[in-house]
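Sequence order for the protein chains is A and B.
With this note's numbering, letter number 69 in the first sequence gets 69, and the count goes up by one each step, no holes.
With this note's numbering, letter number 28 in the second sequence gets 28, and the count goes up by one each step, no holes.
Worth double-checking, as some hints may not be accurate.
Calculated cross-link-like contacts (lysine to any residue; reagent style SDA-like; alpha-carbon spacing at most 20 Å) [unchecked claim]: (1) B/Lys22 with A/Ile8; (2) B/Lys41 with A/Ile8; (3) B/Lys41 with B/Ser115.
Keep in mind the hints are simulated off the structure, nothing from the lab.
Fair warning: this is a prediction, and the values are worked out from it, not measured in the lab.
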Amino acid sequence: LAKTTQPISMDSYEGQEVNITCSHNNIATNDYITWYQQFPSQGPRFIIQGYKTKVTNEVASLFIPADRKSSTLSLPRVSLSDTAVYYCLVGFALDNYGQNFVFGPGTRLSVLP
Amino acid sequence: ETGVTQTPRHLVMGMTNKKSLKCEQHLGHNAMYWYKQSAKKPLELMFVYSLEERVENNSVPSRFSPECPNSSHLFLHLHTLQPEDSALYLCASSQDGAGGPAKNIQYFGAGTRLSVL
Numbered sequence: 001l002a003k004t005t006q007p008i009s010m011d012s013y014e015g016q017e018v019n020i021t022c023s024h025n026n027i028a029t030n031d032y033i034t035w036y037q038q039f040p041s042q043g044p045r046f047i048i049q050g051y052k053t054k055v056t057n058e059v060a061s062l063f064i065p066a067d068r069k070s071s072t073l074s075l076p077r078v079s080l081s082d083t084a085v086y087y088c089l090v091g092f093a094l095d096n097y098g099q100n101f102v103f104g105p106g107t108r109l110s111v112l113p
Numbered sequence: 001e002t003g004v005t006q007t008p009r010h011l012v013m014g015m016t017n018k019k020s021l022k023c024e025q026h027l028g029h030n031a032m033y034w035y036k037q038s039a040k041k042p043l044e045l046m047f048v049y050s051l052e053e054r055v056e057n058n059s060v061p062s063r064f065s066p067e068c069p070n071s072s073h074l075f076l077h078l079h080t081l082q083p084e085d086s087a088l089y090l091c092a093s094s095q096d097g098a099g100g101p102a103k104n105i106q107y108f109g110a111g112t113r114l115s116v117l
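Chain A on its own, in the form it takes in the complex (with noise of 0.2 Å):
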């Protein structure tokens, strides 16, 4: 299983641009890099996924340099709804094993006022 490593917090202010970088060393030639954000008590969403270089949607931008053993999740000007935890996972379709990825404990984004 592809491992990921994320800082645990974040605090950003409301109108910062805010960065969390995902480090995956082992990320093998098929995986794909996934984000996902959670709200208490609701499942996660999905925000963005990437392979390599740069991609950009209407919420983030995911950064993903070409070793790929890291990903920046980039949220422009964060607002209050934004705090939320971030999750990075890197993997690819199930196998014959099920599911060759895991969510960690993720990224809990505090913003403040």
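With chain A's structure known, arrange chain B on it following the hints.
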């Protein structure tokens, strides 16, 4: 609305009760999952079904019994639970395989908050 509906949203049961959690996905996906999330803990994967066949069972106690009658429905049957089984139970679905690198993006329901007394 994620396209994955879980019922009930809240459930309180005694240790001798039998109950079932239901999950339905309206996304046309072919894989479904059950996760358990205890307070301030990471999500724990319990069961995975792909094309209605169970492909993963992460050493879950037999008091939890999954059922996947078709690709749109997933059940978790509960019996003789313990207080430590109180948690948020989440269902998810994804489109797995389908040729080329599949990205396994999972769509989660809102969960069932289970309290075992």
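Verification of the supplied hints:
Distance restraint check for B/Lys22 and A/Ile8: the Cα-Cα separation of roughly 32 Å exceeds the 20 Å cut-off, and the hinted pair is therefore not satisfied. With a C-alpha separation of about 12 Å, the suggested pairing of B/Lys41 with A/Ile8 holds against the 20 Å cut-off. Under the criterion of a C-alpha separation no larger than 20 Å, the hint pairing B/Lys41 with B/Ser115 is consistent with the structure, at around 16 Å.
Hint 1 from the list above is the single one not met by this structure.
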